[in-house]
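Visitor: Sequence:
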Amino acid sequence: MIGELDSDVVVRYFRGKSILITGSTGFLGKVLVEKILRVQPDVKKLFLLIRSADVESAKQRVETEVTGREIFQILKEKHGNGFEGFIQEKVCPLPGDIMYENLGLGPAKLREIWKEIDIIVNGAATTNFYERYDVAFDTNVMGAKHICEFAKRCSKLKMLLHVSTAYVAGEQEGIVLEKPFHLGETLREGTHLDIESELNLIKETRRELKTNRSSEKAERRTMKELGLNRAREFGWPNTYVFTKAMGEMLLGHLRGDLPVVIVRPSIITSVLNEPLPGWMEGVRTIDSFIIGYAKQNLSIFLVDLDLIMDVIPGDMVVNGMMVAMAAHSVEQAQQQSIYHLTSSVRHPAPYAVLAECVHRYFLHNPLMRSGGKNSEPLRPSRMRFFRTLPRFRAYMAVKFRPPLEVLRLLNIALCGAFSRLYHELGRKYRYVMHIAELYAPYALFKGCFDDSNTERLRVAMASNDGQDKSSRGYEDFGFDPKCIDWDDYFYRVHIPGVVKYLCD
Numbered sequence: 001m002i003g004e005l006d007s008d009v010v011v012r013y014f015r016g017k018s019i020l021i022t023g024s025t026g027f028l029g030k031v032l033v034e035k036i037l038r039v040q041p042d043v044k045k046l047f048l049l050i051r052s053a054d055v056e057s058a059k060q061r062v063e064t065e066v067t068g069r070e071i072f073q074i075l076k077e078k079h080g081n082g083f084e085g086f087i088q089e090k091v092c093p094l095p096g097d098i099m100y101e102n103l104g105l106g107p108a109k110l111r112e113i114w115k116e117i118d119i120i121v122n123g124a125a126t127t128n129f130y131e132r133y134d135v136a137f138d139t140n141v142m143g144a145k146h147i148c149e150f151a152k153r154c155s156k157l158k159m160l161l162h163v164s165t166a167y168v169a170g171e172q173e174g175i176v177l178e179k180p181f182h183l184g185e186t187l188r189e190g191t192h193l194d195i196e197s198e199l200n201l202i203k204e205t206r207r208e209l210k211t212n213r214s215s216e217k218a219e220r221r222t223m224k225e226l227g228l229n230r231a232r233e234f235g236w237p238n239t240y241v242f243t244k245a246m247g248e249m250l251l252g253h254l255r256g257d258l259p260v261v262i263v264r265p266s267i268i269t270s271v272l273n274e275p276l277p278g279w280m281e282g283v284r285t286i287d288s289f290i291i292g293y294a295k296q297n298l299s300i301f302l303v304d305l306d307l308i309m310d311v312i313p314g315d316m317v318v319n320g321m322m323v324a325m326a327a328h329s330v331e332q333a334q335q336q337s338i339y340h341l342t343s344s345v346r347h348p349a350p351y352a353v354l355a356e357c358v359h360r361y362f363l364h365n366p367l368m369r370s371g372g373k374n375s376e377p378l379r380p381s382r383m384r385f386f387r388t389l390p391r392f393r394a395y396m397a398v399k400f401r402p403p404l405e406v407l408r409l410l411n412i413a414l415c416g417a418f419s420r421l422y423h424e425l426g427r428k429y430r431y432v433m434h435i436a437e438l439y440a441p442y443a444l445f446k447g448c449f450d451d452s453n454t455e456r457l458r459v460a461m462a463s464n465d466g467q468d469k470s471s472r473g474y475e476d477f478g479f480d481p482k483c484i485d486w487d488d489y490f491y492r493v494h495i496p497g498v499v500k501y502l503c504d
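The numbering of the sequence shown is the working numbering, which starts it at 1 and goes up by one.
Worth double-checking, as some hints may not be accurate.
Pairs of lysine-lysine residues, derived as DSSO-like cross-links and limited to a Cα-Cα distance of at most 30 Å, are as follows [to be verified]:
1. LYS224 <-> LYS399
2. LYS152 <-> LYS44
3. LYS156 <-> LYS145
4. LYS152 <-> LYS17
5. LYS59 <-> LYS145
Everything labelled a hint here was simulated from the structure, so no lab data went into it.
All chains, please: the whole structure from these sequences, using the hints.
Guide: Right under this line is the structure:
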């Protein structure tokens, strides 16, 4: 059972706490750091694990990649000239990396941190769908192992919160439950996953590449293909979700009696409400479609417009994380809990809503075609959508393969006069097909994420806040997608955010 919980309880919970956060230079990490500092300036200390060589470079990265970002503008205005002093007092950059044992920290710093930390938030991850297997494994799998071992050494730790992804479910259909992965579990019947064997496979592949003196490009391609092949061998669509699933398995297996909360967001989109509506960093799956359409570089897209698009704004994810931290520390249960921070069950929106909003927005607000003084607005045309991967492949083969073949023959006949053009167009064709293959599991996803555990958190907040809300109010920690008008959010908030922050 979740204990008494309201917005004031959540805010008070973070007073005097020391929190270790990994992944603070990422989008979600910045939103979390800003939120804690804004709603609870009496937090004791935020230790930010930063990949860097020393304290000075770690501090520099925090200043430029975290607190120097536009999302901290309200906090800067609130503190005025005292902002830098406030940050120096509350934020402690730690040069280290979760891919190493003890997070790469020295003995003296370790002893200090082990005594100090109340909460750990592990948000560090590599999210590239087509990442090198060794890189993804080091961060998403070994990183989870190292953070768990580190957490068990923290003498007063209340809990470890781990950020995963709802798409560890792979390509499951129907209702996907908030249940843990067990060690060795796979998504393909008749297979068994041995994480130690995967690590040995990576080491052996590295040795072979080194022995053969493979080029850096060949090594990168080999390791990427290895990750994709291993993921598909066990039923996952890409290296990212495969390694995130293995990370969850290790956490569940190694945690002992350590209280662990795993949050699984779906596709995280721009900030909905505060501190800065529309703010975002990094191109998400749906943003590739928005940017391509805005620039009129994309005339076709692989997506079934009738399927549910599961997205959740970044500030809602952070609100859910903070409420879960407070709830489980109040509860003080030595258990593992999983929360889907998603929208497909609670407040589903089909891809058709996004497609219509995108067309309408750029019809009214077209980007300008680059051309100096004579620049003209890019007038959008309707995009063609394909509901299945075979249909998309067939269209690409009929529409683009014949011209490429003609160009190839011309290039041969004219002794390589069109070599550069042929190779460039061929590269673009292969890239489009590759992206379609990688995005297909999301654009054609036929599952819905059950959020029963998350709903219990929402109910606890709503029932205890009641009608007479505090000055901060429940809305300061709202994470109910039902309150979102999807059409309004995409047209008024998200798409303008994509244009402002992601379109060069």
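Visitor: Are the hints correct? Go through all of them and say.
Guide: Outcome of the hint check:
1. LYS224 <-> LYS399: Roughly 29 Å separates the two Cα atoms, so the pair holds.
2. LYS152 <-> LYS44: Answer holds: LYS152 to LYS44 is near 21 Å, not above 30 Å.
3. LYS156 <-> LYS145: Between LYS156 and LYS145 the Cα gap is close to 20 Å, so the pair holds against 30 Å.
4. LYS152 <-> LYS17: 18 Å, holds
5. LYS59 <-> LYS145: Distance of about 26 Å is within 30 Å: holds.
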